[in-house]
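Undergrad: Construct all of the structure, not just a fragment, from the sequences and the given hints.
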Amino acid sequence: MKSTAFLTPMALIMAMMVQDASAHGRLLVPPHRGYIGKLSQFSSLVPTNFGDHGLNAGGIGQTKGGKHGICGDKFSGKRLHETGGEYGKFPQHREKVIGACYAPGSTMDLQ
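In UniProt numbering, the protein residues as written are 1 to 111.
Be a bit skeptical, because a hint or two may be false.
Claimed, not checked - Using 20 angstroms as the maximum straight-line C-alpha spacing, the simulated EDC-like pairs for lysine to aspartate or glutamate come out as follows: (1) K67 / E82; (2) K74 / E86; (3) K38 / E86; (4) K38 / E82; (5) K96 / E82; (6) K96 / E86.
To be clear, the hints were calculated from the coordinates, so they are not data collected in a lab.
Being a predicted model, the structure only gives us computed values, none of them experimental.
TA: Structure (structure tokens):
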């Protein structure tokens, strides 16, 4: 009982100290455009993006106004991951750089 009485206020104090969490992640299956260059079957077609885990469409300040960049790119910046950009190469190489295809209404298994 004594440990619970101590832990609850301590947990609240620690929760109040947390200000921000800058999470990073990437879509591996199906591979997103920033990650696809790291896969051996696409490495000769698409350059490797070493910052593919940090795409955020320009951040909360920009996206909350409805200005989202496509494929994680900043709305007002370079569109490297969009079609025709540095990592959006499938128009030049046709279907060779598409990580996966799904039928309309199908279920996707994401990783």
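Undergrad: Next step is simple, just say for each hint if it's right about the structure.
TA: Against the structure, the hints come out as follows:
{"no.": "1", "hint": "K67 / E82", "in the structure": "holds (15 angstroms)"}
{"no.": "2", "hint": "K74 / E86", "in the structure": "holds (14 angstroms)"}
{"no.": "3", "hint": "K38 / E86", "in the structure": "holds (14 angstroms)"}
{"no.": "4", "hint": "K38 / E82", "in the structure": "holds (17 angstroms)"}
{"no.": "5", "hint": "K96 / E82", "in the structure": "holds (16 angstroms)"}
{"no.": "6", "hint": "K96 / E86", "in the structure": "holds (15 angstroms)"}
Checked against the numbered hints given earlier, the structure satisfies every one of them.
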